[in-house]
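**Q** Chains as they are written, first to last, in numbering that gives the first Met the number 0: chain A, 0 to 324; chain B, 0 to 218.
Just so you know, these hints were derived from the structure itself, not from any lab.
Keep in mind it's a predicted model, so treat the numbers as computed, not measured.
For every residue, glycine included, the Cβ atom is placed at its ideal position computed from N, Cα and C.
Among the hints, a few may not be true.
As the list claims (entries may be wrong) - List of simulated lysine-lysine pairs, BS3-like, C-alpha gap at most 30 Å:
no., chain 1, residue 1, chain 2, residue 2
1, A, LYS96, A, LYS187
2, A, LYS228, B, LYS97
3, B, LYS88, A, LYS228
4, A, LYS224, B, LYS207
5, A, LYS5, A, LYS96
6, B, LYS52, B, LYS182
7, A, LYS224, B, LYS132
8, B, LYS132, B, LYS103
9, A, LYS224, B, LYS45
10, A, LYS224, A, LYS183
11, A, LYS183, A, LYS228
12, B, LYS169, B, LYS68
13, A, LYS5, A, LYS187
14, B, LYS52, A, LYS224
15, A, LYS187, B, LYS132
16, A, LYS235, B, LYS68
17, B, LYS132, A, LYS235
18, B, LYS103, B, LYS88
19, B, LYS103, A, LYS224
20, B, LYS169, B, LYS52
21, A, LYS224, B, LYS169
22, B, LYS68, A, LYS224
23, B, LYS103, B, LYS14
24, B, LYS45, B, LYS14
25, B, LYS68, B, LYS88
26, A, LYS239, A, LYS228
27, B, LYS182, A, LYS228
28, B, LYS45, B, LYS207
29, A, LYS228, B, LYS103
What the hints assert, rightly or not - Here are a few chain A residues that face chain B, going by a calculated C-beta distance under 10 Å:
no., residue
30, PHE72
31, ARG112
32, LEU215
33, ASP217
34, ALA218
35, ARG225
Claimed, not checked - Simulated restraints, written as ranges between beta carbons of each label pair:
no., chain 1, residue 1, chain 2, residue 2, range
36, A, ASP217, B, ASP55, 23 to 31 Å
37, A, SER2, B, HIS95, 44 to 52 Å
38, B, HIS95, A, ARG16, 54 to 62 Å
39, B, SER96, A, ARG16, 33 to 41 Å
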Amino acid sequence: MHSNIKATCNLFRMAGRIRQFIILTLLRCPFDSLRTIVQATFLMHAFDSINSRNLNKLYYACGLFGVLCLFLFLYNGTVWMLYAEYVTRWVGAIRRKLFEHISGLSLEQIEARPTGEWIARLNSDVNAATALLNQNMHLPHAIVSLVNISITSVMLVLVNPELFSLIILFAVSHILINQLFIVKPLMKLSMNVQEAAAENASDMNALITCADTAILYDAQDFLLKRFEKSSLELRKEKMKIQHRKAMERGLLSLMGMSGYLVILLFGWRWINAGSMTFGELVAVFQYRGSLLAGSMMFITSFMNVISAQAGVKRVNDTMSLGREE
Amino acid sequence: MSIYVENLSFAYGDKQILHGINLNVRNGESIRIIGTSGCGKSTLLKLLAGLYKARDGIVEVQGERNPDKIRRQVSVVMQNPILFPASIKDNITCGHSKSTEEIKRACDAAQLSDWIASLPDGLDTHVGERGGKVSGGQAQRIAIARAIAKDAPVVLLDEATSALDGDTSKAVIAALESLTKGKTVVSVSHRPDDLMEYNRIYWLEGGKLFDAQQYKSNL
Chain A
0 MHSNIKATCN LFRMAGRIRQ FIILTLLRCP FDSLRTIVQA TFLMHAFDSI NSRNLNKLYY
60 ACGLFGVLCL FLFLYNGTVW MLYAEYVTRW VGAIRRKLFE HISGLSLEQI EARPTGEWIA
120 RLNSDVNAAT ALLNQNMHLP HAIVSLVNIS ITSVMLVLVN PELFSLIILF AVSHILINQL
180 FIVKPLMKLS MNVQEAAAEN ASDMNALITC ADTAILYDAQ DFLLKRFEKS SLELRKEKMK
240 IQHRKAMERG LLSLMGMSGY LVILLFGWRW INAGSMTFGE LVAVFQYRGS LLAGSMMFIT
300 SFMNVISAQA GVKRVNDTMS LGREE
Chain B
0 MSIYVENLSF AYGDKQILHG INLNVRNGES IRIIGTSGCG KSTLLKLLAG LYKARDGIVE
60 VQGERNPDKI RRQVSVVMQN PILFPASIKD NITCGHSKST EEIKRACDAA QLSDWIASLP
120 DGLDTHVGER GGKVSGGQAQ RIAIARAIAK DAPVVLLDEA TSALDGDTSK AVIAALESLT
180 KGKTVVSVSH RPDDLMEYNR IYWLEGGKLF DAQQYKSNL
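Here chain A stands alone, though its shape is the one from the complex (with noise of 0.2 Å):
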């Protein structure tokens, strides 16, 4: 972990503008606790207000739930508008700067390694290492998660502390799961795709380089089966990371069904004896929503932060490669 870390700090130095991503960043922090606590406090107060019959109430709960909902709109869509900017200037200089590097290499440390690697090292090993900002679920998106699920935390200690314990005891389980079986080994599958995909681009690579031999020797067909087995291998490690995110999800909708299950039933129980309103438990739901979709955005970002690694570490390796004067 220690070392991920480094190496993602190492990749942030490179860029530059880390300033820049630490403000960017932080504005995107409040807008998933923001909207979860606008959404549970309307249904909680509309759900009230139909109790108690009170139109006025919910009139009230509509227009001013309207009011936030088209704030939080126009303050999301500003801040990601200035973030795509930032990621687009932030992944240009990465690869800027691999290039230059790569430039300044002795022919004898190029030749030390295959085509298919270097391709690779300027391509895939940038896509994968950039995807640490630049894919659906990425580093911004796990600091976001963890900002949500502490406030929303709070929040809901606030309104029943019992169902609070119960919630977080079935998150911590499926974390834990998560961690064993998915997290771990990805880091690894990772790795493998990165060196299968720098294989595979040397193979095709021989396709071009080796063509007039392979026409003379007849062999263009014993190239293009190496091609083969390496775009095989390639796709083989590739299935192999959509096997796990596959079991993240099935895990996901258990844990999550069989939890929502067991609130209801205490959820009735308290509203049954009195001690819950509906509207409280509809805000629970709410709440509770919000924070298992902020632990699997954590746990999915965090996934991919941890496959970005691999790109992250070999964009470092190539950085590292010392120039000669």
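Model the placement of chain B on the given structure of chain A, informed by the hints.
**A** Okay, now just chain B, sitting in the frame of chain A:
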């Protein structure tokens, strides 16, 4: 006739490389073509190897004019041989099924056996990309073993002896002698040397082919 070339001309786009080349090589005969860099030696060799199609003139090798069929009749060895990023064995067999005996014979003839025996993985040793894990001499002998294993009646040598020195030279020359024994040989080079014997020597200049003796007397 093993190789028959009549009035062969060749151009890369507007740039004319070969002009009206005529050449006859009998079975088992070996000839050498000498010429400066850029005179068209390698282009002529590629035409003889069936890598290029003769559009102007005739190229016939072992009675074949179709480049696909010509390629089956020739083996080519270059100064800087191109090796596949695969094992020594795969580089010799080119993925074709060859018996262990055939591979061993090719290795013996190419003076490779002692070196291969010293390798931990033997014939399965990976040569690296562009032969990066073997020396130039070893790469050339692997290419010779590949040519021997193909057992084609015509052998084309492209600067195959141009960069030889010291001990490597002896091993490569011995390998080349095994390869060319009893075959029709066309060797192209940018300078004359006495490393191998030839029946005839030609001079290629300005895209035209001259008999070397005649060329000297004309000069």
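**Q** Confirm or reject each hint.
**A** Taking the hints in turn, this is what the structure says about them:
1. LYS96/A x LYS187/A: Roughly 27 Å separates the two Cα atoms, so the pair holds.
2. LYS228/A x LYS97/B: With a Cα-Cα distance of about 21 Å, the restraint between LYS228/A and LYS97/B holds, given a limit of 30 Å.
3. LYS88/B x LYS228/A: holds (18 Å)
4. LYS224/A x LYS207/B: violated (42 Å)
5. LYS5/A x LYS96/A: Holds, at about 19 Å.
6. LYS52/B x LYS182/B: holds (23 Å)
7. LYS224/A x LYS132/B: holds (22 Å)
8. LYS132/B x LYS103/B: holds (21 Å)
9. LYS224/A x LYS45/B: holds (26 Å)
10. LYS224/A x LYS183/A: Given that 30 Å is the threshold and the Cα spacing comes to 33 Å, the pair is violated.
11. LYS183/A x LYS228/A: At roughly 27 Å apart (the allowed maximum being 30 Å), LYS228/A and LYS183/A satisfy the hint.
12. LYS169/B x LYS68/B: Between LYS169/B and LYS68/B the Cα gap is close to 34 Å, so the pair fails against 30 Å, i.e. violated.
13. LYS5/A x LYS187/A: At roughly 18 Å apart (the allowed maximum being 30 Å), LYS187/A and LYS5/A satisfy the hint.
14. LYS52/B x LYS224/A: OK: LYS52/B and LYS224/A at ~27 Å, within 30 Å.
15. LYS187/A x LYS132/B: With a Cα-Cα distance of about 28 Å, the restraint between LYS187/A and LYS132/B holds, given a limit of 30 Å.
16. LYS235/A x LYS68/B: violated (39 Å)
17. LYS132/B x LYS235/A: holds (28 Å)
18. LYS103/B x LYS88/B: holds (10 Å)
19. LYS103/B x LYS224/A: holds (25 Å)
20. LYS169/B x LYS52/B: With a Cα-Cα distance of about 36 Å, the restraint between LYS169/B and LYS52/B is violated, given a limit of 30 Å.
21. LYS224/A x LYS169/B: violated (36 Å)
22. LYS68/B x LYS224/A: holds (23 Å)
23. LYS103/B x LYS14/B: Not satisfied, since the Cα-Cα distance of roughly 45 Å exceeds 30 Å.
24. LYS45/B x LYS14/B: holds (17 Å)
25. LYS68/B x LYS88/B: holds (25 Å)
26. LYS239/A x LYS228/A: holds (17 Å)
27. LYS182/B x LYS228/A: violated (37 Å)
28. LYS45/B x LYS207/B: holds (16 Å)
29. LYS228/A x LYS103/B: It holds: about 27 Å lies between the C-alpha atoms, which stays within 30 Å.
30. PHE72: With a minimum Cβ separation of about 54 Å from chain B (threshold 10 Å), the hint on PHE72/A is violated.
31. ARG112: holds (8 Å)
32. LEU215: Hint holds; LEU215/A Cβ to chain B Cβ min 6 Å, cut 10 Å.
33. ASP217: holds (7 Å)
34. ALA218: It holds, given that the least Cβ distance between ALA218/A and chain B is near 4 Å, below 10 Å.
35. ARG225: holds (7 Å)
36. ASP217/A x ASP55/B: 23 to 31 Å: At 27 Å between Cβs, range holds.
37. SER2/A x HIS95/B: 44 to 52 Å: Since SER2/A and HIS95/B have Cβ atoms about 47 Å apart, the given range 44 to 52 Å holds.
38. HIS95/B x ARG16/A: 54 to 62 Å: holds (56 Å)
39. SER96/B x ARG16/A: 33 to 41 Å: violated (58 Å)
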